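Work out the full structure, taking the sequences as your base and the hints as a guide.
Number of protein chains: 2
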Amino acid sequence: MLTALGRQLRVDAVRAADFAGSGHPTSSLSAADLMAVLLAGHLRYDFEAAQNPANDHLIFSKGHASPLLYAMYVAAGVVSSEELRWYRSSGSRLQGHPTPALPWVDVATGSLGQGLGIGAGMALAGKRLDRRDFRVWVLCGDSELAEGSMWEAFEHAGYERLHNLTAIVDVNRLGQRGPTRHGWDTAAYARRISAFGWHTVEIDGHDVEAIDAAYAEAAASESPTAILARTRKGKGVRAVEDVEGVHGKPLPDAEAAIAELGGRSAIRVEVAAPEYERPSRPDELRELAVPVYEQGRRVATRTAFGQALASMGHARSDLVVLDGEVSDSTRTAYFATEHPDRFFECYIAEQQMTATAVGLSVRGWLPFAATFAAFWSRAYDFVRMAAVSGADLCLVGSHAGVSIGADGPSQMGLEDIAAFRALWRSTVLYPCDANSTAHLTAAMTEHSGIRYLRTTREDTPVLYGPEETFPIGGSKVLRSSDADEVTIVGAGITVHEALRAADALADEGVRARVVDLYSLKPVDVATLRRAAADTGRIVTVEDHWPQGGLGDAVLDALTGSIAMPTVVKLGVLALPGSATPAEQLRHAGIDADSVVEAVRELVAE
Amino acid sequence: MLTALGRQLRVDAVRAADFAGSGHPTSSLSAADLMAVLLAGHLRYDFEAAQNPANDHLIFSKGHASPLLYAMYVAAGVVSSEELRWYRSSGSRLQGHPTPALPWVDVATGSLGQGLGIGAGMALAGKRLDRRDFRVWVLCGDSELAEGSMWEAFEHAGYERLHNLTAIVDVNRLGQRGPTRHGWDTAAYARRISAFGWHTVEIDGHDVEAIDAAYAEAAASESPTAILARTRKGKGVRAVEDVEGVHGKPLPDAEAAIAELGGRSAIRVEVAAPEYERPSRPDELRELAVPVYEQGRRVATRTAFGQALASMGHARSDLVVLDGEVSDSTRTAYFATEHPDRFFECYIAEQQMTATAVGLSVRGWLPFAATFAAFWSRAYDFVRMAAVSGADLCLVGSHAGVSIGADGPSQMGLEDIAAFRALWRSTVLYPCDANSTAHLTAAMTEHSGIRYLRTTREDTPVLYGPEETFPIGGSKVLRSSDADEVTIVGAGITVHEALRAADALADEGVRARVVDLYSLKPVDVATLRRAAADTGRIVTVEDHWPQGGLGDAVLDALTGSIAMPTVVKLGVLALPGSATPAEQLRHAGIDADSVVEAVRELVAE
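Protein chains in written order, with UniProt numbering: chain A, 1 to 605; chain B, 1 to 605.
Hint data in this document are derived by calculation from the structure and do not stem from the laboratory. Please read these numbers as outputs of a predicted model, since none were measured by experiment. For glycine and all other residues, C-beta sits at the position ideal for the given N, C-alpha and C. Heads up, a few of these hints could be off.
[As the list claims (entries may be wrong)] Computed spacing ranges between beta-carbons, pair by pair:
id : chain 1 : residue 1 : chain 2 : residue 2 : range
1  : B       : His314    : A       : Gly245    : 24 to 34 Å
2  : B       : Ala272    : A       : Glu222    : 28 to 38 Å
3  : A       : Arg298    : B       : Ser80     : 33 to 43 Å
4  : A       : Pro291    : B       : Glu83     : 42 to 52 Å
5  : A       : Ser448    : B       : Glu468    : 25 to 35 Å
6  : B       : Ala533    : A       : Glu508    : 44 to 54 Å
7  : A       : Glu222    : B       : Glu83     : 55 to 65 Å
8  : A       : Pro471    : B       : Val477    : 41 to 51 Å
[Stated by the list, open to error] Covered stretches of chain A, as calculated for chain B (at least 3 residues, CB under 8 Å):
id : region
9  : 94 to 104
10 : 164 to 177
11 : 224 to 236
12 : 364 to 378
13 : 429 to 442
14 : 543 to 549
Have a look at this one:
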């Protein structure tokens, strides 16, 4: 039966790609026996209740094998054989690569090297938070073992002894454009993976008995297990089996291939469903209490974030925090001290930190993950894919901009606003003082999708009283009069420069409105348009490269309106070196004096 | 003498951090003996001629140990002991983390996990291109071994058997916020690293004889060698030795520490300089000949890029090409066929591909590296740091935007323009046809810094004749009249939509100017301002998220001018699924019909 099921999965995979006229049938054929045995004998999954927290998780890290995944859904009886006709068609949930448009898909894959790390996050949740005995099965390609992120995942899972995690590696020896580095040398992979503390099993990936035994061995192992399965790409169809140059294409003659595979069949697998359990719910949500700071005190926003987060941890039992080995700097260390059970040290592995966060979020936890703003660039592809998955993540980048001072450009986040704005359905926040930071940290929990908070290393004065509110999408007008000739828009550290500039300008008789644009996406269009209409001139000032940041967010808010104001953008214009924070702001042309000069020029025109 | 030299390096590192009032003296102290032995006995370097191609390369991958590096320069007699006073000061070349502001520093470090991969690139150049016997020494931290990029480097160097590469791992067991995963268990690291084909040596990193022997062993090895040196962070100063919580801070009592270390000394090391060799020069540069395409033919810009690149390889012998296992898709395969000796397969490891490119560029080669536009997000931190280093890289992203069609969002580059624009001194190009692509591919070689070319998967009509030129920073006005009421600005695939829209609008009596903005950074300010002044209305249309892309580049070009036009930005507004390219453009709201609608609304206002 298992061999027959494997054949059926192949036939349906071939059919799907043929209907679509594109897709990756050969990459599906190599793994079909592996998945047949899993589906029929080892996966515990209630397809009628995808939200059952006792369900196993299956991740296709090699997302291009989606025809195989969808063929499994056909065999499980939840997708009709007919629906395969719509594979890769507009509006179909059977997309080219799996996404959570399907209820049984936890995360979008297709950017290789991500599935195992996310699976490790889920397994970590099972072991340390949910304390349930579901298993996580991840189908990996051999090509993707070249990605460093895979080795972050192996290290993390090995170190945490995630016995509930199994990597099933489809070693078909052929990548997209030719042979992989190690071909069918499964021992080469086994040496590497076992060095990271994993149990490894090498098998013939078309021998259903060997596969069955390997899964049983994995389930009994006290370490995570990697099954290294030698397979043949295009298995079962002579025209493409183990042939180069046929990756990512429908088979040349699908009809003949289906005949060669034994023709269509309609085997229906009764997948073993675990008993239904009610999803855990976080304790009754208490009102989030965050610390309040006295106006005029000097407190770094990173510190206010850390204190708010630690405080919120008491009210929300579903809150978890992840660190990239910089918790003393980002201030997530405060949370670690008060809630050690919900704090996860991910060491200097920002990709795995993000993957773990995604995995925890799939299991219903709300992750905050923090590192330096600059080092989010290390995990950008993971964050991009998390956005595609619709994952709920709260990400925090400290040490933003040149204002960090002497450490120099490698440590300065100067592109993070651009990167985070350019993500599907993201939120980007950049508060300037401790009270707004605390409020926004709390507000992040009630939002959805990727939320990014940018914090500042230096102490800055507390501007706002405890009664102020900071809705996402809002802003604060800090100086305003009927006679304003110009509007200065800043966020974070530059709000303080803008205020100083406005005061200096007032002494010269120039009235400047000052806007604290703490929400960069979504942005407060109404306030900015009013400022444009009232003052006709806008100066934006940001501690970021001039591309894609605050200035562009302001300009974007003004598009479509009839009367565009004159806009001058101030941003970091030269590569910084080491210097004091004040010197850095001056050299970058974003300090109060630079703002004053820009305004003077603008009003003189 | 070696022990005394180690002490002197420590003293100078302590002094530097003390002068600055910041920095990482304890991370310098642990590695001081390792560097003393290297400098005095093994490094072959002509400090008077940093450009000597026979010189070894020394990379501080743990860039925060910069006080130690600068102390080495003092010992080598090229930096005065006095200059340490200016460590981390404004204008000083002794920055918080090393940058090529110093002639002996090849690349900026400070984002951990990058130095080894770059070193592997240099070693690869030595072995396969330069055929010189210089060695590459990389000082690594133990914490950074958590970065997946390190394992991409281990894999790449092990596979290529880069005998000329040595990783010196300073296993001081303490990261920034506490102990590392494996502490002093050097065997844990040795198991992992040797599984990747490296020779490993475990030593006491404060035993100068053992260090000396290890370097000799590395030099004799036929594989790359990792020296795993057990050390004590803060070694030599009781107050901080092997103590948690003192990372990244000057010592509490520098004077006492210097006394405890034996006081100041002025040992001057005669570093063994290799005989001077003249840097290799590429052959006489011949005029770059690129293919010419007939107007009206349909050719994908990715194909034109690949053909131009292969053709340029004949004229420029310094041109090298790197692939992330997608050369058939990006079309670098054409180059591989014609110039196999200068083609480097990096498999699916975009970070290591970038690091290799940086390493090759340090050795004077001009690298083109290509993958899907979406997957550049995987290497964003590496590209960011390459920009800080001032590296000359030509990067190419294929499969841009929703127009790839059925593969779905994981494969679509929709944030790459934003990411690449927000880099220091970057160039961003996005041609719409084969002839402009070929010209711009050639133009990239004559530019400097990070150059990014975005190409399209689909075939598009050839618009331009062979006589046209495409200077970087320019644009093409494709439709224009004295009666234009609106300007439509597109690039790449949307230029064709813009032209269709203009034709449809002309039928309705609306004259639209059409601009092909093939250079997104720098951008053609003059043409855009003229269009703004002439037409008063601009519609931008781009196959990219609306943040940070073409629309923002256009708005940026218009800032500072008195009369801002009304601008409407069209960009991808919803998460795409699978669909045909034409359907994708329509759903995204960036096809010709969408442009026509936007223009109609705008002119009606």
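Original post:
Which numbered hints does this structure break?
Top reply: Violated hints (numbers, rising): 2, 5, 6, 11 and 13; every other hint is consistent with the structure.
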